[in-house]
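Colleague: Listed here are the chains, written in short residue letters.
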Amino acid sequence: MTRTHPRVGPLTSSGSTRDPLDIDALLDDRRTGIIVCCGSGGVGKTTTSAALALRAAERGRRVVVLTIDPARRLAQSMGIEALDNTPRPVSGVEGTGSLDAMMLDMKRTFDEVVESQATPEKAKQILENPFYIALSSSFAGTQEYMAMEKLGQLRRDAREAGSYDLIVVDTPPSRSALDFLDAPERLSSFLDGRFVRMLLAPARGPARIMTAGLGLVTGALSRILGGQFITDLQTFVAALDTVFGGFRARAQQTYALLQAPGTAFLVVAAPETDALREAAYFVERLDEDRMPLAGLVVNRASPAGMGSLSADEAMTAAARLRRDAPSPTAPLTAGLLRLHADRARMVEREVVLRARFAAAHPTVPTAVVPALAGDIHDLDGLRVIGELLADQAP
Amino acid sequence: MSDWPRVRLHVVTGKGGTGKSTVAASLALALASQGKDVLLCEVEGRQGIARMFDVDPLPYAERRIATGLPSSQDERSAGVVHALHIDPEAALMEYLSMYYRLGRAGRALDRFGVVEFATTIAPGVRDVLLTGKVYEAVQRNSRNRGAIEYDAVVLDAPPTGRITQFLHVGDELAGLAKVGPIKKQADTMMTLFRSPRTAIHFVTVLEEMPVQETADGIAHVREAGLPVGGVVVNLVRPRDLRAKDLAAARKGELDRAAIGSDLASAGVEIADDLVDGLLEEARDHAVRRALEDAQRKLVKGMGVPHYELPRLAQGVDLGGLYELAAGLRDQGLA
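Listed in order, the protein sequences are those of chains P and L. With the first letter of the first sequence counted as 1, position 357 gets the number 357 in our numbering; the numbers rise by one all the way through. With the first letter of the second sequence counted as 1, position 77 gets the number 471 in our numbering; the numbers rise by one all the way through.
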């Protein structure tokens, strides 16, 4: 399979219907080394990632899946409810491949980065600073950045030890899908920011930038936040500066890794206006950043009803049955007709939404996964999802 | 009659994908009756309000966006819904000029990138700024000349996982700004958030994970001493079948022949697979309903008032928001 760089945006070529996404070809292609699942919150990214990873493993790949926040029972069934930031083998996987799974511990990953970059003494100083604690546990973007950091680590380990040939990554439930790509950039631009540089200036000796401005600024900040704030901040920034080069280099490496051939992005969405809007935005953004897009997965589609009875016809017949009450079962039959109408309307709406997406992004291969009746919390459930993902009628 | 007559600040949270913003908007419409003024705030920079109400993207200023839901007795009784998109950087600049008259220093803060710094790196500070603006809108009185005094404020808040951190500003800040005016400000806001004038409502759907997250969220909010409001169960499936029919549908025991003859008498042209199709759909629906009922039991067991909103087959447009608003008012959330 050749994965050419997909063009996106409203292209002039018309008449092309959407291609079905060939999941098995993607999973079986040995050149696929990383699959990143991204999309807005609540669209089933974690389940999709786990199902893809399991399917790949059962088709003979040696897979590790990095999840962010799996449902408790799913985590239990995969044996990763313990949050220890290390991949653990998943038992019950069939075939010659293998599957390891892990759940991201954001703070621990960050701590490990600091520890690997700084002297023990310096590392301790950073780890205990209140700014670091805030940054590592709740900075908007830290989770995204750490997911990427962990991906980089797994990739290096896999290369050295030959342990895995496919890494599947679930991405954090970002406020907006963009956070995920911007996180490394935001963190390094923060560390490289003017204010941070300025705070560092006194620590560096020459009072070149010690303008009236700095006094004014720190004065104002002290008034608002208290003097301790500035002291903590300066300690933090000075300490971080020593490991800064390492941070930035790693962020850039990961970014390059995402662009490299062998990485495949899957945009996950639900058949809802908001989720598909985010998906469209993400598709365009991936293109802008020259990230390789493999396709769109639309989860939780309403299963198409059977028969050709339209919603309007069903509603008319239901009203007639309620009015005439020809038999004791009439209310039941009317109920069935109304259910049919409801379902037909949902399906119709979803088809329109997907068609709009396809019209704007005609070259993005798409897989549609029907909603299952229950939640997924074991390998069998994941297998069913895997089947549905792979089984896309052309 | 509202279950929450004393509440001035309605905080709406929920897991992603449950329709939190839709519920917040409907609640604002429902509260804006009897000539009341309601402010609907969003803090996550998504411009979701503008999209729902089909207006231009909102600036950092209060805008009139819709007429509220009129009461069923008097059509002229509707109030007004205003909307505010709270942007942390603008809130910080406003905050500085309001409390400190910083003048040159304020501009210097901006020039040196401090504003951006404070609003991204220090998450506690960012949340204080966002909630600070909400606080100001709730606490307004006649002394604030030219500003609208709102009868209620609805906050489309961050998701369940972040809500305690977002409102419980005191703890989050402690490490960053132990003393000083921001800390004092945060403490004052806490008194409002902890008071019976605030209610934190949780939006969920009848699925396992969101219901579990709601239960966890309620526990966290209680632990933090914040007032739990109601649970809004969103996207509920239609309930057109009786319990006994549902049970029969699940077992595949519905009377095929009787249904066929009903369809014929209603003038439906019966193709071969029509009845089978309807029975199959009924079975699928019955299975889902059984799962929903199990989750509904869990929601009832949470010991807080709960409200249900239907899943609208055509999706939620402006008309849909009013329909949901009427549902919330009839059930007593507004």
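The hints are simulated quantities; they were obtained by calculation from the structure and are not laboratory data. Fair warning: there could be bad hints in the mix.
[To be verified] Below are the SDA-like pairs computed for lysine to any residue, each with C-alpha atoms no more than 20 Å apart in a straight line:
(1) L:K638 with P:A325
(2) P:K122 with P:R108
(3) P:K107 with L:R556
(4) L:K578 with P:P130
(5) L:K694 with L:V622
(6) L:K645 with P:T329
Colleague: Now look at each hint and say whether the structure bears it out.
Modeller: Here is how each hint holds up against the structure:
1. Annotation: proposed proximity of K638 of chain L to A325 of chain P holds, straight-line Cα distance about 19 Å (limit 20 Å).
2. Proposed proximity of K122 of chain P and R108 of chain P is supported: the alpha carbons are some 17 Å apart, at most 20 Å.
3. Proposed proximity of K107 of chain P and R556 of chain L is supported: the alpha carbons are some 16 Å apart, at most 20 Å.
4. For the given pair, K578 of chain L sits about 19 Å from P130 of chain P by alpha-carbon distance, which is consistent with the 20 Å threshold.
5. Restraint check: the Cα-Cα separation between K694 of chain L and V622 of chain L comes to about 15 Å, which is no more than 20 Å; the hinted pair holds.
6. Taking the CA atoms of K645 of chain L and T329 of chain P, the gap is about 17 Å. The hint holds against a cut of 20 Å.
When held up to the earlier numbered hints, the structure conflicts with none and fits them all.
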